[in-house]
Amino acid sequence: MLSGILVFNQKGENLIFRAFRSDCRPRLADIFRIQVISNPQVRSPILTLGSTTFSHVKHENIYIVAVTKSNANAALVFEFLYRLILLGKSYFGKFDEEAVKNNFVLIYELLDEILDFGYPQNTETDTLKMYITTEGVKSAIVNSATDSSRITQQATGALSWRRADVKYRKNEAFVDVIEDVNLLMSATGTVLRADVNGQIVMRAYLSGTPECKFGLNDRLLLDTGDASGPSSGRNGGGAGNGKTRAAAGSVTLEDCQFHQCVKLGRFDADRIISFVPPDGEFELMRYRATENVNLPFKVHPIVREIGTTKVEYSVAIKANYSTKLFATNVVIRIPTPLNTAKTTERTSQGRAKYEPEQNNIVWKIPRFSGQSEYVLNAEATLTTMTHQKAWSRPPLSLSFSLLMFTSSGLLVRYLKVFEKSNYSSVKWVRYMTRAGSYEIRF
Amino acid sequence: MAMNKIRGAFAVPRKGETFELRAGLVSQYAYERKESIQRTIMAMTLGKDVSALFPDVLKNIATSDLEQKKLVYLYLMNYAKSHPDLCILAVNTFVQDSEDPNPLIRALAIRTMGCIRVDKMVDYMEDPLRKTLRDESPYVRKTAAICVAKLFDLNPAMCLENGFLEMLQEMIGDPNPMVVANSVTALSEIQHTAPETKALQVTPNTLRKMLMALNECTEWGRVTILSTLAEYRAADVKESEHICERVAPQFQHVNASVVLAAVKAVFLHMKFVGPELAKTYLKKMAPPLVTLVSSAPEVQYVALRNIDLLLQKQPDILTKELRVFFCKYNDPPYVKFQKLEIMVRIANDRNVDQLLAELKEYALEVDMDFVRRAVRAIGQVAIKIEGASERCVNTLLDLINTKVNYVVQEAIVVIKDIFRKYPGYEGIIPTLCQCIDELDEPNARAALIWIVGEYAEKIVNAGDILGGFVDGFNEEFSQTQLQILTAVVKLFLKRPEKAQGLVQRVLQAATAENDNPDVRDRAYIYWRLLSNTSDQNATKKIVLSEKPPIVTTISTLPPALLDRLLQELSTLSSVYHKPPEQFVGQGRFGADAVQRAAIEEQLQNARENPLAAAAAAAVSGSAPSAQAQNHVENLLDIDFDGGAPASAQKEPTAGMSGLEGLAGTPVRVQSPAVGSSSPAPQASNNLDDLLGVFGDSGATQPSSSGVNAASGDLINGFDGLDLSSHSAPPANSQQKTNEDIMSLF
Numbered sequence: 001m002l003s004g005i006l007v008f009n010q011k012g013e014n015l016i017f018r019a020f021r022s023d024c025r026p027r028l029a030d031i032f033r034i035q036v037i038s039n040p041q042v043r044s045p046i047l048t049l050g051s052t053t054f055s056h057v058k059h060e061n062i063y064i065v066a067v068t069k070s071n072a073n074a075a076l077v078f079e080f081l082y083r084l085i086l087l088g089k090s091y092f093g094k095f096d097e098e099a100v101k102n103n104f105v106l107i108y109e110l111l112d113e114i115l116d117f118g119y120p121q122n123t124e125t126d127t128l129k130m131y132i133t134t135e136g137v138k139s140a141i142v143n144s145a146t147d148s149s150r151i152t153q154q155a156t157g158a159l160s161w162r163r164a165d166v167k168y169r170k171n172e173a174f175v176d177v178i179e180d181v182n183l184l185m186s187a188t189g190t191v192l193r194a195d196v197n198g199q200i201v202m203r204a205y206l207s208g209t210p211e212c213k214f215g216l217n218d219r220l221l222l223d224t225g226d227a228s229g230p231s232s233g234r235n236g237g238g239a240g241n242g243k244t245r246a247a248a249g250s251v252t253l254e255d256c257q258f259h260q261c262v263k264l265g266r267f268d269a270d271r272i273i274s275f276v277p278p279d280g281e282f283e284l285m286r287y288r289a290t291e292n293v294n295l296p297f298k299v300h301p302i303v304r305e306i307g308t309t310k311v312e313y314s315v316a317i318k319a320n321y322s323t324k325l326f327a328t329n330v331v332i333r334i335p336t337p338l339n340t341a342k343t344t345e346r347t348s349q350g351r352a353k354y355e356p357e358q359n360n361i362v363w364k365i366p367r368f369s370g371q372s373e374y375v376l377n378a379e380a381t382l383t384t385m386t387h388q389k390a391w392s393r394p395p396l397s398l399s400f401s402l403l404m405f406t407s408s409g410l411l412v413r414y415l416k417v418f419e420k421s422n423y424s425s426v427k428w429v430r431y432m433t434r435a436g437s438y439e440i441r442f
Numbered sequence: 001m002a003m004n005k006i007r008g009a010f011a012v013p014r015k016g017e018t019f020e021l022r023a024g025l026v027s028q029y030a031y032e033r034k035e036s037i038q039r040t041i042m043a044m045t046l047g048k049d050v051s052a053l054f055p056d057v058l059k060n061i062a063t064s065d066l067e068q069k070k071l072v073y074l075y076l077m078n079y080a081k082s083h084p085d086l087c088i089l090a091v092n093t094f095v096q097d098s099e100d101p102n103p104l105i106r107a108l109a110i111r112t113m114g115c116i117r118v119d120k121m122v123d124y125m126e127d128p129l130r131k132t133l134r135d136e137s138p139y140v141r142k143t144a145a146i147c148v149a150k151l152f153d154l155n156p157a158m159c160l161e162n163g164f165l166e167m168l169q170e171m172i173g174d175p176n177p178m179v180v181a182n183s184v185t186a187l188s189e190i191q192h193t194a195p196e197t198k199a200l201q202v203t204p205n206t207l208r209k210m211l212m213a214l215n216e217c218t219e220w221g222r223v224t225i226l227s228t229l230a231e232y233r234a235a236d237v238k239e240s241e242h243i244c245e246r247v248a249p250q251f252q253h254v255n256a257s258v259v260l261a262a263v264k265a266v267f268l269h270m271k272f273v274g275p276e277l278a279k280t281y282l283k284k285m286a287p288p289l290v291t292l293v294s295s296a297p298e299v300q301y302v303a304l305r306n307i308d309l310l311l312q313k314q315p316d317i318l319t320k321e322l323r324v325f326f327c328k329y330n331d332p333p334y335v336k337f338q339k340l341e342i343m344v345r346i347a348n349d350r351n352v353d354q355l356l357a358e359l360k361e362y363a364l365e366v367d368m369d370f371v372r373r374a375v376r377a378i379g380q381v382a383i384k385i386e387g388a389s390e391r392c393v394n395t396l397l398d399l400i401n402t403k404v405n406y407v408v409q410e411a412i413v414v415i416k417d418i419f420r421k422y423p424g425y426e427g428i429i430p431t432l433c434q435c436i437d438e439l440d441e442p443n444a445r446a447a448l449i450w451i452v453g454e455y456a457e458k459i460v461n462a463g464d465i466l467g468g469f470v471d472g473f474n475e476e477f478s479q480t481q482l483q484i485l486t487a488v489v490k491l492f493l494k495r496p497e498k499a500q501g502l503v504q505r506v507l508q509a510a511t512a513e514n515d516n517p518d519v520r521d522r523a524y525i526y527w528r529l530l531s532n533t534s535d536q537n538a539t540k541k542i543v544l545s546e547k548p549p550i551v552t553t554i555s556t557l558p559p560a561l562l563d564r565l566l567q568e569l570s571t572l573s574s575v576y577h578k579p580p581e582q583f584v585g586q587g588r589f590g591a592d593a594v595q596r597a598a599i600e601e602q603l604q605n606a607r608e609n610p611l612a613a614a615a616a617a618a619v620s621g622s623a624p625s626a627q628a629q630n631h632v633e634n635l636l637d638i639d640f641d642g643g644a645p646a647s648a649q650k651e652p653t654a655g656m657s658g659l660e661g662l663a664g665t666p667v668r669v670q671s672p673a674v675g676s677s678s679p680a681p682q683a684s685n686n687l688d689d690l691l692g693v694f695g696d697s698g699a700t701q702p703s704s705s706g707v708n709a710a711s712g713d714l715i716n717g718f719d720g721l722d723l724s725s726h727s728a729p730p731a732n733s734q735q736k737t738n739e740d741i742m743s744l745f
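Chains as they are written, first to last, in full-length UniProt numbering: chain C, 1 to 442; chain W, 1 to 745.
What the hints contain is simulated information worked out from the structure, not anything from laboratory work.
Treat the hints with caution; some may be incorrect.
Said to hold, decoys possible - Derived list of chain W stretches under chain C, where covered just means 3 residues or more per stretch with a C-beta under 8 angstroms from a C-beta of chain C:
(1) 291 to 305
(2) 317 to 329
(3) 568 to 576
Said to hold, decoys possible - No farther apart than 30 angstroms at their CA atoms in a straight line, the calculated lysine-lysine pairs in the DSSO-like style are these:
(4) C:K318 to W:K284
(5) W:K328 to C:K101
(6) W:K48 to C:K94
(7) C:K420 to C:K129
(8) C:K263 to W:K238
(9) W:K284 to W:K271
(10) W:K59 to W:K81
Small disclaimer: the values here were computed from a predicted structure and weren't measured.
Yeah, the Cβ is synthetic: ideal placement off N, Cα and C, and Gly gets one too.
Please model the complete structure; the sequences and the hints are all you need to start from.
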């Protein structure tokens with residue numbers, strides 16, 4: 001498995017060097033620097049030299065490298081590297097050169113814990129945070145044997161993600177349904193690809209060891225005669241009121257993936273999502289939907305190249321959701337040719353600005369209410385170039401966020417909490433749709 | 001004080017970083033000592049040699065501060081080798097720690113002990129290891145389980161004598177899932193390094209235990225268990241069914257490596273279950289595979305390479321999912337290229353229109369490499385789907401009309417291949433001939449000349465076109481020269497009145513003024529054929545013979561290799577599409593094994609076929625120089641002793657245009673899969689690759705590939721020149737051999 005983990009900055013300085021096996025020699029750091037960091041030709045994340053394989057990921061301004069000497073599991077290596085980044089982010093807020101330099105002792109400690117002889121061990125942030133902490137303060141706790149035996153119990157237990165003695169006065173659970181809608185539209189206005197990558201993030205503040213059941217308007221579940229979620233379910237709080245449930249059609253989920261707390265066997269058998277949640281925030285599931293995707297914005301660009309000196313734009317954008325809703329932070333990036341000298345823009349709403357470093361006209365609309373339509377007219381003046389190279393016309397892209405709207409039509413039908421002490425709990429659901437890669441060719 | 005005196009005698013520098021660190025390490029204040037340890041570790045990371053501080057750091061090992069202890073251990077692990085004698089001083093602390101009431105400390109001690117690779121330490125490990133393997137805390141047990149693997153790596157004999165393997169095997173039955181996972185991990189590592197130990201034997205009982213732990217252990221543990229399940233040969237159909245049933249829910253895991261491991265396990269066990277059931281599993285694995293395509297680019301890349309393999313075995317699992325593989329504008333190139341390959345693989349008559357529109361879009365982008373691949377993909381689709389060929393040709397014509405230089409050149413090469421399958425598109429030849437002046441790449445020129453020669457009787461001004469090329473004959477690349485030669489001869493045979501003078505001129509130029517022996521030889525062959533007066537038709541029969549149409553230009557792996565690689569899903573091997581022996585060597589042994597295998601093969605061949613042996617001998621003759629080249633590269637030293645099987649494969653030969661690097665390794669490992677027009681796909685047995693490793697000059701490559709086709713040996717010897725002329729993208733090996741026989745003369 002992994003022979004070592006190395007971290008470099010952009011200059012190729014070695015920030016972390018942790019060998020897990022004797023075949024990971026210090027010289028390898030130089031080799032990676034020469035062969036990858038200072039070699040602009042390298043386009044692949046995996047490089048094998050001799051019998052040594054370097055798999056690297058670039059994050060912020062650092063390279064995180066895994067060294068392997070065998071026919072290692074490549075998917076696992078990269079997943080692990082990304083997990084390391086995630087851990088770094090949750091420990092230091094940002095995982096970059098500065099964070100690594102300031103916390104290298106802690107990083108060594110973490111690496112020691114999450115990898116043993118090159119095999120990944122427990123990488124759950126919450127568990128690790130119990131005994132590896134940023135300040136040495138908590139080491140007092142760790143030093144007392146009873147506490148640490150409890151910790152180690154958890155770190156290896158079947159519920160490695162949850163402490164046993166969680167207590168809250170008010171039991172609450174927040175469910176955020178966040179959808180990234182991806183669109184690729186051709187120049188002729190046909191939708192080449194439209195799909196939704198959704199994630200359901202939950203913040204659970206529930207006492208004891210609650211067993212949760214979670215229901216969506218999943219077509220497969222609804223069609224197979226739904227026994228577990230009767231409409232008179234005891235869903236308290238905001239988790240779907242009667243009206244939305246009645247109005248909602250069902251959604252076909254192409255595929256879903258669950259946090260490790262979800263009992264996959266049960267989902268596979270009867271599509272019931274049942275789990276004991278970790279304490280606090282976690283990503284309960286991810287899903288993909290490709291059918292009946294509601295596109296919140298319709299963009300109609302007209303771009304004309306006039307001779308070799310001018311490009312004229314007319315971009316119309318229309319909101320396709322109900323007037324009660326409004327999107328925020330709508331940003332439309334309109335690419336301009338590389339040799340643009342000057343632009344002029346007129347907009348019916350929001351502000352447009354030319355960003356030469358990105359070769360974009362950026363049109364920002366802070367608040368975009370439903371069913372409204374706005375237009376931008378712009379003109380880019382080009383400088384003449386000695387060699388006339390065709391403009392690649394990168395697609396126009398959009399970013400936005402829209403509350404209480406799901407592109408897939410997904411709705412949370414119920415969230416039930418069962419616990420020994422039988423307390424009542426309050427649940428809240430929020431929906432949000434964001435732009436994933438929302439691209440329109442022209 | 002005595003200590004100081006001794007040190008004085010060794011004249012340790014009185015200033016500098018080491019001195020300061022040392023002063024800090026022996027300071028009377030705890031915080032200063034800790035800070036110094038931290039700085040020592042920092043210096044160590046930066047690559048400075050701080051091994052001189054060993055005794056001083058070691059003094060700090062006995063501490064109640066866990067953080068400090070970890071730092072000292074880290075230092076110990078790094079420098080134990082440089083002071084093996086002093087390590088003995090630490091043993092006591094380790095042994096003590098392994099009995100500490102705090103499980104974290106017990107685990108830390110046993111974990112670190114295994115990493116200190118000093119014989120003396122190993123001697124003391126036995127007792128603590130035995131105790132910790134039976135520890136009450138699962139955390140300690142799971143750490144001790146891995147430690148057995150570490151011990152085995154250091155001293156297998158001791159590991160076996162003390163019965164640690166048996167203890168580990170028992171631990172598969174541990175109530176704690178993570179202990180189970182780690183025991184399996186350790187056993188499977190031991191099993192792989194030393195199969196004779198039979199460390200990991202899956203019995204119905206252990207199988208049950210593993211399946212139980214599967215749903216409860218960490219994601220990484222799941223990967224281990226799933227990989228072990230994949231390697232396991234089920235006793236009967238029932239067992240396979242059971243495994244599939246229990247593994248399939250893991251498709252829904254959020255971790256891509258778990259999903260891939262589950263796919264691998266199900267895919268391998270699926271062979272044994274009924275076809276109906278297998279079909280449902282295939283259906284079930286499609287959506288998770290597609291989901292992998294939206295993960296981080298690196299993970300995506302691994303997934304795409306694996307999907308490529310799966311598609312070669314099961315071509316229709318993803319036919320409905322074409323859109324998912326559309327390239328995003330800012331996908332990294334390595335992902336884009338792989339997506340293109342996959343799109344071509346899943347193309348069928350229903351989605352071909354969509355695909356063509358998309359490919360055309362790509363062909364208008366600016367990244368030259370990507371554009372070329374997109375154009376090539378259009379050609380592959382045309383040859384794959386007969387019904388779509390006309391649309392493909394029209395798309396290509398549209399692209400030619402854009403007049404973008406590299407698009408035109410690639411399109412011509414592609415159209416040549418289309419002609420080789422569908423000879424009926426001659427109507428477009430005038431359009432092609434119009435761009436004759438824009439072609440500057442030998443490949444594209446050769447392709448166009450081939451077309452002109454092939455349709456010489458239908459092109460009115462074929463003589464003039466070829467005349468132009470003949471005039472500049474000696475300025476052309478030899479690849480183009482060969483093509484000119486053949487085309488002129490074809491023209492002459494079809495319309496002798498037009499090309500009488502031309503053929504004289506070209507043969508003259510090729511024999512008298514040319515330095516390239518390949519070109520000269522071919523010219524001589526033609527000359528002899530043309531001057532053959534006994535049978536006029538013989539020449540025509542040979543040169544203008546009917547060629548079998550090509551079947552596909554999509555590169556596919558030979559079935560044996562494919563099956564092999566499917567067992568390696570999600571590993572590096574599956575990313576490179578190469579069996580692991582080719583890039584993994586364990587030190588000297590790995591390289592030796594490869595070399596031995598090569599020699600073995602040669603001997604084998606010598607017995608079977610003396611001619612081939614001669615060719616092989618030529619290869620081994622060139623081996624020393626190849627090795628010398630290795631060594632140059634190894635100045636960077638990866639593993640000098642490792643002999644570097646993968647890196648021995650040198651820079652691409654002419655036909656490959658450097659694409660192969662993208663398959664995975666940009667520089668060294670050539671991956672045959674990414675549509676490179678290299679001779680690699682015809683390497684139907686590994687021998688070829690093995691030899692290729694050692695003979696890396698362009699000239700020896702063809703002869704080494706000749707070894708495997710005993711029947712066509714002589715002919716294959718010319719493979720190299722022929723390849724450059726007619727069959728740039730090789731069809732498949734058999735077909736090719738046939739064709740070579742025909743077109744050679």
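Hints versus structure:
1. Evaluation of the coverage hint for the stretch 291 to 305 of chain W: fulfilled, as 9 residues show C-beta separations to chain C shorter than 8 angstroms, against a requirement of three.
2. Requiring three or more residues with a Cβ within less than 8 angstroms of a Cβ of chain C, the coverage given for the stretch 317 to 329 of chain W holds, as 5 such residues are present.
3. Counting residues of the stretch 568 to 576 of chain W whose CB lies closer than 8 angstroms to any CB of chain C gives 8, which reaches the minimum of 3, so the coverage claim holds.
4. Using a Cα cut-off of 30 angstroms, the hinted pair K318 (chain C) and K284 (chain W) is violated, with the two alpha carbons roughly 38 angstroms apart.
5. Taking the CA atoms of K328 (chain W) and K101 (chain C), the gap is about 35 angstroms. The hint is violated against a cut of 30 angstroms.
6. Taking the CA atoms of K48 (chain W) and K94 (chain C), the gap is about 28 angstroms. The hint holds against a cut of 30 angstroms.
7. Our distance criterion of 30 angstroms between C-alpha atoms is met by K420 (chain C) and K129 (chain C), whose separation comes to about 27 angstroms.
8. Taking the CA atoms of K263 (chain C) and K238 (chain W), the gap is about 24 angstroms. The hint holds against a cut of 30 angstroms.
9. With a C-alpha separation of about 15 angstroms, the suggested pairing of K284 (chain W) with K271 (chain W) holds against the 30 angstroms cut-off.
10. At most 30 angstroms may separate the alpha-carbon atoms for a hinted pair to count; K59 (chain W) and K81 (chain W) meet this at roughly 17 angstroms.
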